[in-house]
Structure formats: C-alpha cells, structure tokens
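Each protein sequence line maps, in turn, to chains A and B.
If you use our numbering, the first sequence corresponds to residues 1 to 76, in order.
If you use our numbering, the second sequence corresponds to residues 1 to 381, in order.
These are computed hints drawn from the structure, not numbers from a lab.
Glycine residues also receive a C-beta, built at the ideal position from the N, C-alpha and C atoms.
Treat the hints loosely; a few may be bogus.
Simulated coverage check for chain A against chain B, where a stretch passes if three residues somewhere in it have a Cβ under 8 Å from a Cβ of chain B [as the list claims (entries may be wrong)]:
1. 2-10
2. 14-25
3. 31-42
4. 45-59
Below, a list of computed lysine to aspartate or glutamate pairs in the EDC-like style, where the Cα atoms sit at most 20 Å apart [stated by the list, open to error]:
5. Lys57(A) x Glu181(B)
6. Lys121(B) x Glu217(B)
7. Lys62(B) x Asp74(B)
8. Lys2(A) x Glu273(B)
9. Lys276(B) x Glu49(A)
10. Lys173(B) x Asp163(B)
11. Lys60(A) x Glu181(B)
12. Lys60(A) x Glu31(B)
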Amino acid sequence: MKFEESLKKLEKIVSDLEEPNIPLDKAIKKYQDGLELANQCLEQLNAAEKKVSICLKDSKGRVTLRSFGADKEKQQ
Amino acid sequence: MDTERKILTVSELTRDIRILIESFFGILWVEGEVSNVRISPSGHLYFILKDKLSQIRCVMFKPQALTMRFALKDGMQVIVMANISVYERDGQYQLYIQSIEPKGKGSLQLAFEQLKERLRKEGLFDQAHKKPIPFLPSAIGIITSAVGAVIRDILHVLEKRFDNFKAIIYPVKVQGEGAKEEIAGAIEYFNETRLVDVIILARGGGSIEELWPFNEEIVARAIFNSQIPIISAIGHQTDYTIADFVSDLRAPTPSRAAELVIPNKQDLILQIESYKRQLRRNLEVLIPAYYQRLDQLTEGLRHNIKDLINQKRRLFESEAIKLESLNPLRILKRGYSVTMKLPEQVIISKAKQLQVGNRLKTMLAEGAFISSVESIEDNKE
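Go ahead and model the full structure; you've got the sequences and the hints to work with.
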C-alpha cells in the first residue's frame, strides 16, 4: 500500500476509535490494525536508502546513470 | 540638339535613383504601424509601414524573418531597422528590414505574451490538466544545470527534510543555444524511463534573455505532455515563465520546490507517533466505559432477579393460603373425625371394610381414642 493511503487509513481508524458506542471487540481489532499501520508507515519512511544519481550522455546520445554523491566524495 | 541631351534608359535612371537613395540614407530606423502583413511561399515577409499621412513598402527576407521572436500582426506599432533601396523591376522604393522591435516593449516580452495567449487559448494552462504531486515520491527527477547554486540548494533542502531521499539529476543547459532542446529531451527521458514519479524543473534567476528557454514552445509542450507531474521553479519569485504556467505546480524558488516535493520526515514520524498514542488513549477511554456499562448491566440484572424472587414469593404465598384452606385439621375442628382400622391404620370410609371385633383408632380435632366394632350396619339401613 502507498504511504499516503496507509496514513489516511490510520487517521480513519483513530477517528473510528473515538466513537463511544463502538463494540469492544471491534475497538480492540481497530486498535491492533491501527498500531500495525502506524508501524508499517514508520518502516516505510526508513525503508529506502539515500541515493542521488546523475544522467550522463555519451557521444551517441545514450544516457547512463552514475552515482552523484560518490562522485562528489571522490572530488573532495 | 540630340547630342546635347543626355538620354537615359528607364533601367539606367532607376539604377541611378537606387544608388542615390542607398548612399543618401544608409541604415535607418523607422517607426510606424504595420499593415498588409503577408508571408510569401518562399518565406519572405512583406508588409506596409504607415502613419497618418504616408506609407512605405517593406520586405524582410527569410533569413532575417526567421530570427523574429514574435509574430508580426497588422496594427502593431513597430520600430524597424532597415536600409532603403529600389526594386528596379517595378521602380518601387522600399525598406529592406533587418530587424523589428515592437514599440513600447521588448520583442521578447511581446513574444512571451503572444505565446502565452496562444497556449492559454489552447488549454495548456488549464487547471484540469494539472496532475497531483505525489505525497511521498519514491524518486525525484531534477532537471537543471549541473553547476551552480540551484542543484546544491535543492539537494540540501531534500537532505534536510528527508535524509534517505532518492533523486536523479538530469543536467541541462539552462540558457543559450540548444537549451530548449536539452530541457525538453530531459523531460522526455524521465517519461520514457519512468525512473522517477515527480520532476523538478529549476533554474536560478536571470534576465528575460537568460530565462528564455523556459518560454519556448517546445519546452511548454514537453511539460504539458509529461505523464509525470512537474514542479517548476524558474528564476526569482517575481519571474513567471511559460514553463511555470504549464507545469503542474509552480514554486517561487528552487529551494521551495524541494520543500514542496517531499514531506518533512521528522514531522511525519511525530504525526504517526501521536496517532499511536491517540489509539491507545481512545482504547483506554473506551475500556472504563465498558466496565461502567458492565456494572450497570449487573445492577440491572440484580434488580431483575430480586423482582423475580419477589414475584415467586408472592405466588407461593397465595398458593400456601389455598393449601391451608384444604388442611384436614380444619375439617376435624368442625366436629368431623377420622377412623382408622388397626393395626394397618387404614382410613375407613365404608362399613364393608370392617368386621365385628376390629380395633379402631379415631382421630379428633384434639386427641384420639381406641375402640372396637360391636356390630356392623349396612348403609342400606
């Protein structure tokens, strides 16, 4: 699921759980689902690794990708 | 007589006039209103320049006409740079135009306004075509110059907001010859490869000439045709280019574009943590409420049981009264007695059950006595 969708779903669960007449078994289920979503979101935020690439064109106009950060570090 | 007269051919005269006119005037700047604009099939531009009293024919040859940034229209007030000469075949003097400037504003400004109006009419700026910017992009395409502050600023802001971001830089010329083709090509590259899900198109501040590639139709169309949403950040806050109008979102500066393209990760984490706390709190609030309801239910139950017991008791009491009325002792009190044969203690209700000499026990309301049968009388009598 996309991060945005997860976050929206989480918001919905939080507000659902504010409903005072929600049956207890449903409330507990929602609480568990919400907690799981929240943790998924947090994981998603940290899932990717930072990566900056740069497109380089050769004489024939073909584009290749090179790491931009590594390039800079070499220069330093 | 004839020898004294110098007779010229029409051609000779016309040539002399041409030479005279050309050498007299040299390069001219002429101001006037444009009318009768016509482009010949060979690409030359013909028009008439006029004011209230006079008019003059003008021609601009294809090589010069191609350098025009804006479209020449009837009714425009212009200043032309030209030389004057005579078209000998027609004996017609006319202006040979080198360049045309719209009066009152630069030709770039006019070209900008003309293209903007044309693309606006075509619907390229319509809100309906704007694509939403993804909330959390998986990778960001950056089209800008590889050198200079712009790329540094963008990367710096991205790093600050979301330390593990992904970006692909497509370096392009951002001014001068070939810039517009490179920019359009970069947009197409990202659309073909789909390596990114959002694009920042950026350039630092500059003069209208320097920003010009971003006012070119080829760039405008590339932005419009992009399936990937584009955030534009061209020049300073006050600069608006055609690219800004076509793009899905316009950022006032490159740094701001970087802020718009990715959320602040720390804010998101805080938000999610707060949701987690809220979830727990909501459940904790809910549970005591349930205890209370359980208490109420128990109380209600207890009440109901008490009622039930009372009801049963009342029923029992009324039955007991009924039973009491049937108590045999009460019958004995009215003078009746019960007689049993001994030793079996069988209650006797018929004389036939007895024989002379049987011993009997008779129970009265109070006490009893023993007797024996002396004689038996039939109930016939």
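Taking only the CA atoms, is the gap from Lys62(B) to Asp74(B) under or equal to 20 Å? This hinted pair holds, its Cα atoms lying about 19 Å apart.
Three residues minimum, CB to CB under 8 Å: does the stretch 14-25 of chain A make the cut for coverage by chain B? Let me know. Satisfied; 6 residues make the cut.
Count residues of the stretch 2-10 of chain A with a Cβ under 8 Å from any Cβ of chain B, then say if the count reaches three. Coverage by chain B holds here, the residue count being 5 at a Cβ distance below 8 Å.
Verdict on chain B covering the stretch 31-42 of chain A, criterion of 3 CB contacts below 8 Å: holds (count 6)
Against the 20 Å threshold, does the CA-CA distance of Lys276(B) and Glu49(A) hold or violate the hint? 25 Å, violated
Given the hinted pair Lys121(B) and Glu217(B), is their Cα-Cα distance within 20 Å? 14 Å, holds
Is the hinted pair Lys60(A) and Glu181(B) satisfied, with a Cα-Cα distance of at most 20 Å? 16 Å, holds
Within 20 Å, alpha carbon to alpha carbon, are Lys2(A) and Glu273(B)? With Cα atoms ~19 Å apart, Lys2(A) and Glu273(B) stay inside 20 Å; holds.
Between Lys60(A) and Glu31(B), does the CA-CA distance stay at or below 20 Å? 49 Å, violated
Is the listed coverage of the stretch 45-59 of chain A by chain B valid when you require three or more residues with a beta carbon under 8 Å from a beta carbon of that chain? n = 10 at 8 Å, threshold three: holds.
Mind checking the alpha carbons of Lys57(A) and Glu181(B) for me, to see if they're no more than 20 Å apart? 14 Å, holds
Starting from Lys173(B), check that the Cα of Asp163(B) is at most 20 Å away, please. Since the Cα atoms of Lys173(B) and Asp163(B) sit roughly 28 Å apart, the hinted pair is violated (cutoff 20 Å).
The structure shown violates the earlier hints numbered 9, 10 and 12.
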